[in-house]
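K.L.:
Chain by chain, the residues:
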Amino acid sequence: MKPVAPKPMPRRFHQARWDEPVIFELSKLGQRGVLLPPVGAAIEREAGNPARALPDAVRRTIPPALPEMSQIHVLRHYARLSQENLGVDLNIDVGQGTCTMKYSPKVNDQLARTPKLTELHPLQDESTAQGILEVMYRLEGMLKEISGMDRVTLQPGAGSSAIYANVCMIRAYHASRGQDKQRDEIITTIFSHPSNAAAAKVAGYKVITLYPDEDGYPDLEALKRAVSDRTAALLITNPEDTGIFNPRIEEFVRVVHAAGGLCSYDQANANGILGITRAREAGFDASHFNLHKTFSTPHGCGGPAAGASCVTGTLVPFLPVPTVEFDGLKYYLDYKRPQSIGKVRPFYGVAPNILRAYAWIMSLGADGLREAAEVAVLNNNYLMKKVLAIRGLSAPYAKGKRRIEQVRYSWEQLTRETGVHSEEIETRAADFGMHYWTSHHPYVVPEPMTLEPTESYSKSDLDEYAAMLKQISEEAYTDPQVIKTAPHNSTVHQTHHEPFDNPDEWAVTWRAYLRKTGQKEG
Amino acid sequence: MPPEKPLIYPYIPNSAPTAKEAMLREVGARNVDEFYSDIPESLRLKRKMKLPEPLLSEAELIRHVDGLMSRNRSTRETLSFLGAGCYQHQVPAVCDEINSRGEFLTAYAGDPYEDHGRFQALFEYESMMAELLNMDVVNVPNYDGFQAAATSLRMAVRITGRTSVLLPANMGADKLSMVTEYLKPDIAIEQLPFNLQTGLLDLAALETKLSERTAAVYFENPSYLGLIETRPDQISAAAHSAGALCVVGVDPLSLGVIRPPVEYGADIVCGDIQTLGIHMHYGGGHGGFIASDDDPKFVMEFPSRLFGIASTIVAGEYGFGDVAYERTSFALREEGKEWVGTAAALWGITAGVYLALMGPQGMVEIGEGLMQRCRYTMQKISRIPGLRVTFADTLHFTEFVVDFSDTGKSAEAVNRALLERDIFGGKDLSAEFPSLGQSVLFCVSEVHSHADLDRLAAALKEVVQ
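These protein sequences, in sequence, are chains A and B. The working numbering applies: residue 1 is where the first sequence begins, and numbers increase by one. The working numbering applies: residue 1 is where the second sequence begins, and numbers increase by one.
One thing to keep in mind: the hints can contain errors.
Cut-off 35 Å, straight-line C-alpha distance, at most; resulting in silico cross-link-like pairs (DSBU-like, lysine-lysine) [stated by the list, open to error]: (1) Lys516/A - Lys484/A; (2) Lys144/A - Lys461/B; (3) Lys20/B - Lys386/A.
Label-pair restraints from in silico Cβ distances [said to hold, decoys possible]: (4) Asn502/A - Ala59/B: 51 to 59 Å; (5) Ala237/B - Asn502/A: 29 to 37 Å; (6) Ala222/A - Asn195/B: 56 to 64 Å; (7) Arg12/A - Ala93/B: 30 to 38 Å; (8) Val316/A - Gln197/B: 38 to 46 Å; (9) Arg63/B - Asp219/A: 46 to 54 Å; (10) Ala237/B - Gly178/A: 41 to 49 Å; (11) Asp479/A - Asp186/B: 51 to 59 Å; (12) Arg59/A - Pro296/B: 26 to 34 Å; (13) His496/A - Gln197/B: 52 to 60 Å; (14) Pro338/A - Arg30/B: 48 to 56 Å; (15) Arg30/B - Leu388/A: 15 to 23 Å; (16) Asp295/B - Pro8/A: 27 to 35 Å; (17) Asp66/B - Val316/A: 29 to 37 Å.
The hints are simulated quantities; they were obtained by calculation from the structure and are not laboratory data. The beta carbon of each residue, even a glycine, is placed where N, CA and C say it ideally should be.
Build the full structure now, drawing on both the sequences and the hints.
P.N.:
Below you can see the structure in the form of structure tokens.
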């Protein structure tokens, strides 16, 4: 036998295509997926059946039209759907810049699955939850050191929720000084995550957005013009979504402080700077981490995640309740915080992710965290070097300079020369078993792509991702139709998108679909 | 001594020195420090972070974390009657199997071509919730039930252009706290009192509080205190006649037996999906839902993702995508509707699995069984001298209030005594609802056997004697 020929690069991929019906189509009358424990004759005798005796105003007469399925059919349906999904476990997940897609260690998932955590009720006596309270206390301690801040709350459900919590604390701080009415503006930058602007707006602020200067740095002069006695705070990401570290960040903070405002550091992009630089040294009053980004907890198709809001003494009185405290003997929850902003979420935070993040830090230590940061940055600069050799691609701003953990690239030239857009490259990437994402709106960088190759990827992973981009670029110049008609190897083919923005046609649920397509009376 | 071997981290492939050197060479850098040249010296941390010594092997890590977790006592080990917003129900094994699969667990924000699976699974979640709720629009989960209520109220304010909302005085203090902070800058909150005899909302007070400023009347059914509001149609009618919307918070697990709120006039329905196949996770298992009719006036006010179905270029193939994306903060930053971000998608997929497993029959049976256990336990406890089941004549779902005032014992003392008998009692309400005296909110579940319920009653009898 002749040896098998070498593998081509990029690989030949085909996504699972189960052609799976929508679950309602799998329903078979009378099937059951699970049985319930019987109530028992004694209870039935004593209690009767109160549900059947409910008054008409509140009694359901027609059972919900859920599918009726045996257990294996439910399992098989969802197992097939899961195969029609990628994730860090399957793909070289460097295409979702700003989101820090890294390996979520399996041992941490295993630890979080213990009934000693999953079956814990948040209101059970503190004496019976000392283990998880200790984990929360210890994780707060670690994040204090990593951020340099004085206290940390783990209550927010995700990064945006942590931004919101920080804005609420800032609002409470100004209110405590009688300046909440006067200070009604929040300043952010366009390369900060959209939730900085959006959460500030919900909290009642007028939002001022700064655009970058010619080198891609946030514009300091624009900031100086924007601050006033109306400034409540600056919410700024650093490094920004461009992967450029703002070297004048201390000056930004000074300018805002001088005007009486506070500063909150969006550290969702902290993966490249662990152990290198911290919110504290830059003078910030608040910051936040996303435990599902930098600290490795899995992204779960979009949550559950976990956010950590970190504050200096200025804002400590306003932290959400409860805080987790230790009196030398036992851990306890402290609700006696009169200036607190109250709750931002039920109970105390996403405990399984708090445990996973704790385990991740424990398995790496200070040296390991710094190693993660340095390798993430090395990977990024390596990938930048590789992909900038691809025709039609550039990295706007800070020409010739290094980047931290990610880069916002532009396909502007490729689009101009071939008519192929970044969105179309996204679709084509699915044919190679890779995730690709353009960028947050608005597209200040034209035809954007943001790559963030965290420490989880090897040199050959990065080479493979670059090889895919190179091939797509070549296709754009030689055979753009193959991109325009993609995907070819995905679960599905090009979807008709028009209905999604047409109220007469859009269907967020199966019943709406049946009604709008005339298959069911509406 | 031989030179120390460099540490190679299993989670960091390029921590191997050979890989590092090759890559540095390729990018023309002498060392990693070069990449940080933009970071001024004054901002550098010039020492090693003070973190615990690492546990580098799985064996050490597991031993350490197991040691910590062994200091927890779970509701599998101790009989628990806690509810108050987080509920112990049987989680079918298939729910955990599906949400543990790496394809779902480790994916994030993929598009419908590469992550078709999550789009379909979440569309199906929306669709099954829609059957439960009898409404056509349900969002991809937001953070939790608190957020769902807060956002539903903000939606009502935007839809009506009015500026105040009525919240029930029988809602939980934590949720009220979160909602208040969320509405604070521009929306006035008024409280709607409840009747101390029935525990239900005071309809006469509702009439007087409604005004042309009222954007929404919000109430919960079942309420935080476990009661079924039996005149919800009158509340919604009053709201509508004042030009306000009716927003109802509901436990979706109750909807096999209790009428979906839209049928008694709700315009927006919201709640938490933790009861649908998600473990309690010490309060970490929450996800929120918001539902409305398929009216663009409502749909365009959702901040959340809404996944929709469409045809593809291939006959017989379903495609999925974002409905009306141009309303979100992802598209419009501060001009979008509130904000959208990572929230609780995996719990949405899980709740879908749960509803598919339960089916119509399962949802009816669980509702009936919960109400039977609840009534049985209430009756049993009400026969104990000195104990009073508050609002005993009102209909209950799974939770009920017991007042210990006549026993001379505080709610806290009762719970302490129960704990000594290896029982987690209910939530102590004495601080949250001082008007209810020394009261405790107990919760029953299908995991409780007849013997468990009798054991609670027997323990209470012992404790108060």
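K.L.:
Compare the structure with each hint and give your call.
P.N.:
Hints and how they fare:
Between Lys516/A and Lys484/A the CA atoms are separated by roughly 29 Å; this keeps the pair inside 35 Å, and the hint holds. Pair hint Lys144/A plus Lys461/B does not hold up; C-alpha atoms about 48 Å apart against a cutoff of 35 Å. Straight-line distance between C-alpha atoms of Lys20/B and Lys386/A comes to about 15 Å, which keeps the hinted pair within the 35 Å bound. Take Asn502/A and Ala59/B: their Cβ atoms lie about 57 Å apart, and the range 51 to 59 Å holds.
The hint said 29 to 37 Å for the Cβ distance between Ala237/B and Asn502/A, and at roughly 33 Å that hint holds. Taking the beta carbon of each, Ala222/A and Asn195/B are about 58 Å apart, inside 56 to 64 Å as hinted. For the pair Arg12/A and Ala93/B, the beta carbons lie near 36 Å from each other, so the given range of 30 to 38 Å is met. Between Val316/A and Gln197/B the beta carbons are some 44 Å apart, a value that agrees with the proposed interval 38 to 46 Å.
The supplied range of 46 to 54 Å is met by Arg63/B and Asp219/A, whose beta-carbon atoms lie about 52 Å from each other. Against the hinted window of 41 to 49 Å, the Cβ-Cβ separation of Ala237/B and Gly178/A comes to about 44 Å, which satisfies the hint. Taken as a hint, the range 51 to 59 Å holds for the pair Asp479/A and Asp186/B, whose Cβ atoms sit roughly 55 Å apart. At about 32 Å, the beta-carbon gap between Arg59/A and Pro296/B stays in the expected band of 26 to 34 Å.
For the hinted restraint 52 to 60 Å between His496/A and Gln197/B, the CB-CB distance of approximately 58 Å keeps it satisfied. About 55 Å separates the C-beta atoms of Pro338/A and Arg30/B, a value consistent with the hinted range of 48 to 56 Å. Distance hint for Arg30/B and Leu388/A: a CB-CB separation of about 20 Å, consistent with the stated range 15 to 23 Å. Checked against the given bound of 27 to 35 Å, the beta carbons of Asp295/B and Pro8/A, roughly 52 Å apart, lie outside it.
Distance hint check for Asp66/B and Val316/A: the Cβ-Cβ separation is about 33 Å, which falls inside the suggested range of 29 to 37 Å.
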